[in-house]
Each structure stands twice: as structure tokens, then as C-alpha cells.
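J.: Please model the entire structure based on the sequences and the hints provided.
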Amino acid sequence: MGPVPAGVLQLLALMGALALVHVPLGSYMARVYSSDRHLRVEKWIYKGIGADPGTGMRWPAYLRGVLAFSAAGVLFLYLLQRLQGVLPGSLGFSSVGPAQSFNTAASFVTNTNWQSYYGEQTMGHVVQTAGLAVQNFVSAAVGIAVAVALVRGFARARTGEIGNFWVDLVRGTVRILVPMAAVAAVVLVACGAIQNFSGIHEVGQFMGGSQQWNGGAVASQEAIKELGTNGGGYFNANSAHPFENPTPFTNLFEIFLILVIPFSLTRTFGVMVGSVRQGYAILATMGTIWVGFIALMMWTEFAHHGPALQAAGASMEGKELRFGVGGSSIFAVSTTLTSTGAVDSFHSSFTGLGGGITMLGMMLGEIAPGGTGSGLYGMLIMAVIAVFIAGLMVGRTPEYLGKKIGSRQIKLAAVYILITPALVLVFSAASMALPTPPHSMLNSGAHGFSEVLYAFTSAANNNGSAFAGLNANTDWFNTMTGLAMLLGRFLPMVFVLALAGSLAEQQPVPVTVGTLRTEKPLFAGLLVGVILIITGLTYFPALALGPLAEGLA
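982 is the number of the first residue of the sequence shown in the numbering used here; add one for each residue after it.
Be careful, since some hints might not be right.
DEER-style ranges, computed between Cβ atoms [unchecked claim]:
| no. | residue 1 | residue 2 | range |
| --- | --- | --- | --- |
| 1 | 1030 | 1070 | 20 to 28 Å |
| 2 | 1498 | 1060 | 49 to 57 Å |
| 3 | 1255 | 1414 | 47 to 55 Å |
| 4 | 1521 | 1396 | 20 to 28 Å |
| 5 | 1298 | 1025 | 46 to 54 Å |
| 6 | 1415 | 1491 | 55 to 63 Å |
Simulated from the structure, these hints should not be mistaken for lab results. From the three backbone atoms N, C-alpha and C, an ideal C-beta is built for every residue, glycine too.
T.: The following block contains the structure:
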């Protein structure tokens, strides 16, 4: 079988698996966040943290819970890294420096998992498991909680309450992420991923010196790394490393883990608002963009320009032979259209246009299907914008799910979509203008600019993947990308929760003959167009200086 049919078959198998679990998982998550019943272990947790699960929260209180919990997570993870040198199970590694500790703490708490260090040479077992792996769970749960709060804003009427953050956080972790990650870890171990707490082993001679490998609880961290759309790998090679991703089957399984919760949350949304067809419209929008990007990526990477590419059958530079161009293309698109950031190939080695596709996926806001929670609330914000534009075209007051989209709602949505581009473009411009940061670029010209643009696009959108050419382990990039991650994660949440509160206070308006049918294919098409146009107008000049210039050269 040729590489192109193999890639298409992998895509079809993945779509079939996602379709198979969409309804049961989506409906289950809706029950989790709608139930009045608390599990015994959950009651113990509430008692331990001093939370009252029966108290409803308005959006300012919900936001305070998100920020307080996340700030505590940043502080704990920072101190854990700074104290690594005196902790047991450190494998002899010294404490992590201040700038890198801040960057890593901000990275994992914001669900970004940007790594400016070699995992197997920097972090011991305690930091990896008690620090990074724990944040993989709770940062994903925070994202789902905020998305559910926005869904409640559409579903509820005449109340400012959008749920209880502590209940949503605990339920997302205990009832969804932990059991699913446990099953996924068993599958990965059965397929060859390692799971141990062994020390450092010398495995032979390599270029005149000894080659060393250390073990770790890799399979369990790999499972939540993908399931929670986190992306931070145990090893520097990430999901290209055979200890993390040993076979073509595990490669496809890990892509499935990346996509399964974000796609299924559209079903959760439809069930909670009382119209599963609304959920299918959002799913269709996400799926159209995802499949379209994969088709574009395969086309650019299978294009045979030049004798070397013709001899190889495709652009094989930077790609694992185990997975081929098809598997690498699906992984690259899925990881950049979500907030995952895991890689099984190196995006800097993709063709110029292929690298641009990975960047564009993040620039869309990672909403197709996006991260765990963040993809859904990002897409719903874009739906609000699309409804507003449709209302302007027909001269009617915009409505979405029975809620009027007035000046307050559209201002909140507009500020939301402006935050991330401002962070990306301002930080990228500063890095290119100052004398020292460009020294971190491995390449010059358009490709070198793409390395910097990709770094801040990845950080501000909480993706975490890298272009694999930029030396980001400097005080400038550790500090600036850390700030971009924190601002890119929590500033948008402010406006999402404020929008949720304003919608929950409204009384739904009845459906009339003039109401825009947002569950129809026409609206899904409008939503796709709005997303692409807004992103194009925002980022086209920057893309023209980097990947477009390189790809068209």
C-alpha cells in the first residue's frame, strides 16, 4: 500500500473511533456536570479544601476560584523545581534555575506544557509525577470547568449563578480524567510504553561516549498528556520517542486521546442546552476545519518538489519512519488545532507551507476541536460573533440559543478574540526588534522569523509545541513566553466567565419565524467563514513574512 492511501485509511479509522464514542462520552460528561449527587471521595476532597459543594457561584466568585487555584499551582510547581536538588528521587539532577522554573510552572498550570529543557536530563521522578503530571490533570479540569460554566450561561435563565468551580474541578478530575487516563495508560503499557521508577542506565557507547537513559512513569504521564491536551513529554523527543510512542498503533491511539474529549464536549453542550442539534452544528464546524487542515497538510507534505523528495516519496525530513508522512500530518494538525503541543515529528522540518499550516491552526484559537474545554468555549465565542454578523446583515437583534447578543455580550466576545493576537504579535515584534533575542534563532530569514512567531503563537494560545529550531532556554524567552502563557490563558477566561454571567441573567426570548436557525448547515458554514476571515485579517501580514514567504520562494 502506498503512503497516501495509508494516510487516508488512518484518518478514516480515527474518524470512526471518534464517532463511536461521541454520543456515550458526551452524554456521560453532561450527566457529570448536571448531577446533584456527590461521590464519597468527592465529599472528602470538599471537606479537605474547605469548599461547600452546595453553594452556587456568580461569575466573579467562579473566576476567583479559577485564579486562586491556578496561582497556588504555579507557586507549588515553582518551589518543587527550585527544591529538586534536595528531594528524593531527583536522579541526581540539580535544582532548576529561577527563570526556567517560572516558565515551566506557568507552562503546566496553563495547560501549555511548553518545554525549554530536556526532560530526561532536567526533571527527576518527584517533579515529573508529583508536579508536572498532577498539573496535567487539574489544568485540563479547569478548562472543562470554564467551558461548562459558559454552557450553563446559555442554559440558565434569570440567575447569575453559573455553577460551583470546586465541584466542577473535582468532578472533571475524579469522574472523567482519572478513569480515562488509567485505561489509556494500561493500553500504552501493553503496547510497549515504559512505566517504572528506575534510575539512569548506561546502554552503550555513542560517538565516543556513553549513552544514558533514565526510566520513569512514562505511560501514565503520556496518557493524561494527550487526553488532557497538555503535550509536555517525559523525553525531549516527545511523542517521537519510542518509550512514549512505540508503534504506529499507539501513534493513532494518542491522536484519538487528543481529540476524544474536545469533540465529545460538543455533545455535552447540546445535551445541557436542551438541543443536541446545536451540538452537532458546532461539531460539524470543528470537523470541517480539522479535516480540511489535514487534507492541506498531506498535500503539502506529499508534494514531490525536487529529486530528493521524489526519491523519498514525500517530505520525510524530521518525520519518524515508523509513522510516515500520513501519521505525522494527522498528528501535527491535531496537536496544533488543539492546545496539546505534543509532537511526533518536528514542525520546523515540514515544508514551508506545512509549517504555516501548523501555525495557522493555533492562530485560529485552537477551536477545531481545541483543548479540553478551551476549544468549546472558544468556538462558542466565535458563534456569538457569527450570530452578531448575521444579525447585522438581516437587520435583526442577534440571538443565540434564545439569548440576545447585545452590546455588552459582543464587547466581551470582541475583547476575547483580540487578546491572543495582541500577545503573539507584540511579543514577536519585540523579540525581533531587540538586539539579543534573535541570537536564539537557528536559521535566518523567513524561517528564522517563523521560529520566533511560532514560539509566541504556541505560548499565547497555550499550545506548547515548538518549531524545533529556536533556543528558548534564555532569560528573555523563558520570561516572555511564561508571561504570554499566563496572560493567554487567564485573561480570556475573565471575559468567558463574564459573558456566562451576563447570559445566565437573561430571560430567553421565544423562537419566531425570523430567528436565525443556528443548528442548520447554513450557520455552520457561516461560522467556518467567520473564523477563517477573522484569523486571516489578523495574522496574514505576519504569516506573509514567515511561512508564506518561505513556502512560495
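J.: Given the hint of 46 to 54 Å, is the C-beta distance from residue 1298 to residue 1025 inside that range or not?
T.: Since residue 1298 and residue 1025 have Cβ atoms about 52 Å apart, the given range 46 to 54 Å holds.
J.: State, for the Cβ atoms of residue 1030 and residue 1070, whether the hinted interval 20 to 28 Å holds or is violated.
T.: holds (26 Å)
J.: Tell me if the beta carbons of residue 1498 and residue 1060 are separated by a distance inside 49 to 57 Å.
T.: holds (53 Å)
J.: Confirm or reject the claim that residue 1415 and residue 1491 have a C-beta distance inside 55 to 63 Å.
T.: Since the Cβ atoms of residue 1415 and residue 1491 sit about 57 Å apart, the hinted range of 55 to 63 Å holds.
J.: Is it true that the C-beta distance of residue 1521 to residue 1396 lies inside 20 to 28 Å, as the hint says?
T.: 21 Å Cβ-Cβ, so the 20 to 28 Å window holds.
J.: Between residue 1255 and residue 1414, does the C-beta distance stay in 47 to 55 Å?
T.: At 51 Å between Cβs, range holds.
Hint compliance for this structure: no hint is broken.
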